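Read top to bottom, the protein sequences are chains G and E. Residue numbering for the first sequence is 111 to 472, as defined by my numbering. Residue numbering for the second sequence is -9 to 295, as defined by my numbering.
Among the clues, some could well be false.
With a cut-off of at most 30 Å between alpha-carbon atoms, the simulated DSBU-like pairs for lysine-lysine come out as follows [as the list claims (entries may be wrong)]: (1) E/K62 x G/K321; (2) G/K152 x G/K171; (3) G/K321 x E/K140; (4) E/K62 x G/K324; (5) G/K325 x E/K140.
If you are wondering where the hints come from, they were derived from the structure by calculation, not from laboratory data. Predicted model, so just to flag it, every value in this text is computed and none were measured.
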Amino acid sequence: MANEIFSRLNGSASRRSFLAGLGAAAVGFSFSRKGFAAEEKKLNFYNWDTYIGETTLDDFKTASGIDVNMSLFATNDELFAKLRAGNPGYDVIVPGSEFVERMVQANLLEPLDHAKIPNIKNVAPEFINDAPYDPGRKYSLPYTWLVIGIAFRKSKVKETPDSWKVLFESDQYKGRISVMSDASELYRHVFKYLGHSANKPTPELILEAEKILKKQKPFIKSFHEDNGQDLLLSGEVDVVMEYNGDIAQIMTEDDDISFIVPKEGALKQSDTLAIPKGAPHPENAHAFINFLLDANTGKEIYETIKFPSPNAAATALMPDDYKNNPVIFPPADLVAKCEYPQYAGTEITRLLDESMTRLRAD
Amino acid sequence: MAARESTESRLAFWATALPPLLWVAVFFLIPLGVIWAYSFGENLGLTGVSISGTFANYARAFEPLYLQIFAKSVFVAGVTTLLCLIIGFPVALAIVFASERWRPWLLLLVMLPFWTNLLIRTYALIAVLRTEGYVNYGLAWIWESASWLKTLVGLEPLAPYEPLQLLYNNFAVVFGLVYVHLPFMVLPLYAALDRLDRSLMEASLDLGAGHLRTLFSIVVPLALPGIISGVIITFVPALGAYLTPDLLGGPDSQMIANVIERQFKKANDWPFGAALSFLLMYATFIAIALRAYLSRGKAADAHGI
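Here chain E stands alone, though its shape is the one from the complex (with noise of 0.2 Å):
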């Protein structure tokens, strides 16, 4: 009886597992496969690859031009992630607090831009920030109105308006960034601050601790799964963007997805391509493995308390 009973479980799991697994193995594991042997080949020449075992891409990948570049990369995603995350807080805060009401319209806003394509928004974006842009066109009106008033006043009118250089900069690919990524953030910090209990906030307050220190002595230990969940999750695609420095940013915005783009199109050089996406993709796994790791110290504490 028993037996049987664990033959059919073990044919249902297969049945459920197996499309998905087939799923993966197709689409997911076989063509990365090909790109990871792609990473030790060699041009064979235009259309060619032959895997040759050969190193030399990953050496190529080390040279100091290239590690810059993957430096710059880690910096920027970095920025765009402790940005989102000064933002994304209290915005999370700020729904868990809000009313049975008004949560899931306020969840619906943030994940209303999903429905929309990231290349719409981000030209959307550049609409809003470019030379004549409705940024400018506000703050012009705003300088104009100034003049006009001081001119009112018997004082000498403003000098011109000058536009503000929002677009292909720095500042614009980690403005574009942080406007992508932000609800990536919001939505684990929130499933985190959910699920606190309240009654060790309001008992931390009812003990004379203010409202500043009960956030970082209780509610930021508490919700910290949370948030390493959700830096992650920002940081890993910010480090992959390929789109946003390529459309909003300025000569030197250049970030490691543009250049293994380039190696698969204008390059022509698809083993180089893919040693540099395998050192990115071996980027992310080593953030995932940190964060395993850093989750498990967490609960040998608890286990110890």
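This is chain G alone, in the form it adopts within the complex (with noise of 0.2 Å):
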């Protein structure tokens, strides 16, 4: 996620191919699937940038004999984009809680078999019983969670930025800071700094979000896409809207660097492993998954991608420094304030989307 360059470079790949994909959906063309019986050793995983141990996917290779072949993609829209038009060949797909609703909805993935990944008695059972996105696990399970905080650079901030007005509605930092482009992102936020909940948007609440926002937008320095620890660590900005596993991954450079849950809550996420529709190995993808929930491959993913695991058994095996970090796990009962962003129908979309526009119109 880290690595601006690449991930945007793919980015652009495949918006080339996403009009070659338009080109295929229009003469009705789709992938057969192959017999279970016949599988190839061949796997394609869809996945993050700088998301993945530095030797799984060998690992994986001389444990199962399968070939796993890994591309990336930069956001989960562009990961939506892609599937819509038909599965290009994807096996396992690495979707933000968020999109397993709606891509649940859209009928894009594949049901788990649960008997085909043992490994999921690793995962820590909150993640289990409290994922609103996906009752019961049925489509997919927990790879990495995440929250939303506020990064700043210790030395150029008077008192620790712990409520999201600092971003929101003070020029306390002008041009220091940046928030996320992504307007569901940001105004989910806005709501919780205005004291509702993060999935009840109606049209007049937006307004009143875009109005606070307008009014804060000659502060704002810049609206980032997923870059933002990139603005903090080059001394662009000074206070940042941003995950706290990106932030941890640039704390082990700079150590001027911290981060924090605002006392108003915030989104947490979770990017899951997921099998989409029309997967053409999918007795390697579940093999996959399993391999991935596994404990000491955790470990070893975890301590090179620094985002914090769902895996307990996994967690268990890292370094007290990954464990106690409170950037990595941020305490509790800031946790309890965070919400998992629920899928708002494509109406709020729209009008979110509309919103966004104009605010950043003039």
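Two chains, two frames, a set of hints: combine them into the complex.
Have a look at this one:
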């Protein structure tokens, strides 16, 4: 997720193939499913950038003989746009929790066969029981989880910015702040700041949030996509809205950086492992998901990517500076105030997008 | 005999023309047709589009909000084109008048950026322009040297250097667009200027016109077709620029292509995105038609003489 250039490169490549995909959709082209028994030793994994352990894929090949071909996407929207015209051949994908809900609604995901994934026992129980986006975990299993919060440069702030006010309704750090450009993420946090649930967006509430942001806009330096950590690291801004995992990654490079979940609460997300409809190698896909949920594999992954682990067995193997890191595992009372965003339907999505267009128009 | 020859040449024509025609049909016209059809469609649930023949998407695209963004995009692309012309014309002229030995090298320099991916060039620009970038490093060094010189002669030192905010604003967008599109302007200008009959310029100078007068009364009118080509070939891609405003722009640097991109991704509203794309394309067609019309007027003038 951190490496902007390559995720962007990948993004532009997908836009090209997206047009090709349109052509394919137009002539009614679809992938046929091969028989289970004759499955070749191959697997196509569609993942985020910098989101796997260094040796994980090789280890899987050694263990199972299956060759993993990994390609990268940069945003959930890109993943959705690519699958919406028909699965181009992916076996395992890593959708965010909100998109799991959306993809199930759009009938894009294959139900998981839990019997083929015994390592499900390693997942911490709260990620099985508290998953409103996928009740009973029928379609997805958690790979990482994340909390959005405020990251800041310690030497440049007077006191810890523990409220969204700093980013949404204050000129204290004018020209030195950046917020996310994703309308859904940005507006839901403004709802939280105003004391509402992130998941009850109404047209009136969207307008109210827009008014607040419009007033704040002159003090905002940029609306960033997924590179808030880069802006903070390069000294471009001092206070930024970002995921804890991305900040934990750069904190190993710069110890003047810190992160806090604001007192009003925030959104939490979980990136999950799922099998898209029409996957050419569903057996291998189950084996791969099971492998990723293994405790030792998990340890290797989380040591590399520094994201919070929902895998209790893997966490237990991790060193103390990971387990007790307040950025990776923020205090429980603050996490308790966080919500999983729920997909709000096409009408609200459209209103949010149009509001964002208005906000950025002049 | 004659009949057979013409059949043969027709065969040869189709044999050579068919592959590119098929290519254009399969990879350009059909996908474009799908998008065009989508622009008259409605969203059906999360992934479906029903082509109902509605004009609602176009009606929405003509709302003031979107017209304003179109206008802003036209303005940004216009400023970009103008700057490219002002910078590119002397460059093209210099290449034309350079010695035979230097000319290929100068042309190579103009084309060199095309060998690098646009994205890499844009990121390089970020490294140059950002608060802790090379421009600000350079200026800070000059500033501190000046401050040191002042203390040397017993004066108060200058206030600490305040870095220039060169990134994440509209300036950065125009700067980036000019940087990217300059070769598109220089190359057609060079082609037009290179074909000029130099004896006309010499005659003008011999007859007492100054350099500036020669430039504006002789060179510019003769190079006009090249200038128009350069303007169109720069303006059209600048109008549809998406990456540059996205990466270099600030909170208000949204261009129409950014809105279109969001419709296909975040907003998941392909029909509306298709309508916006086609409006952009119609604008391009109009620009090209205008060019054809202008150059036809030119040809008629020439006949009149």
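Checklist line | Hints breached by this structure | finding: 3 and 5
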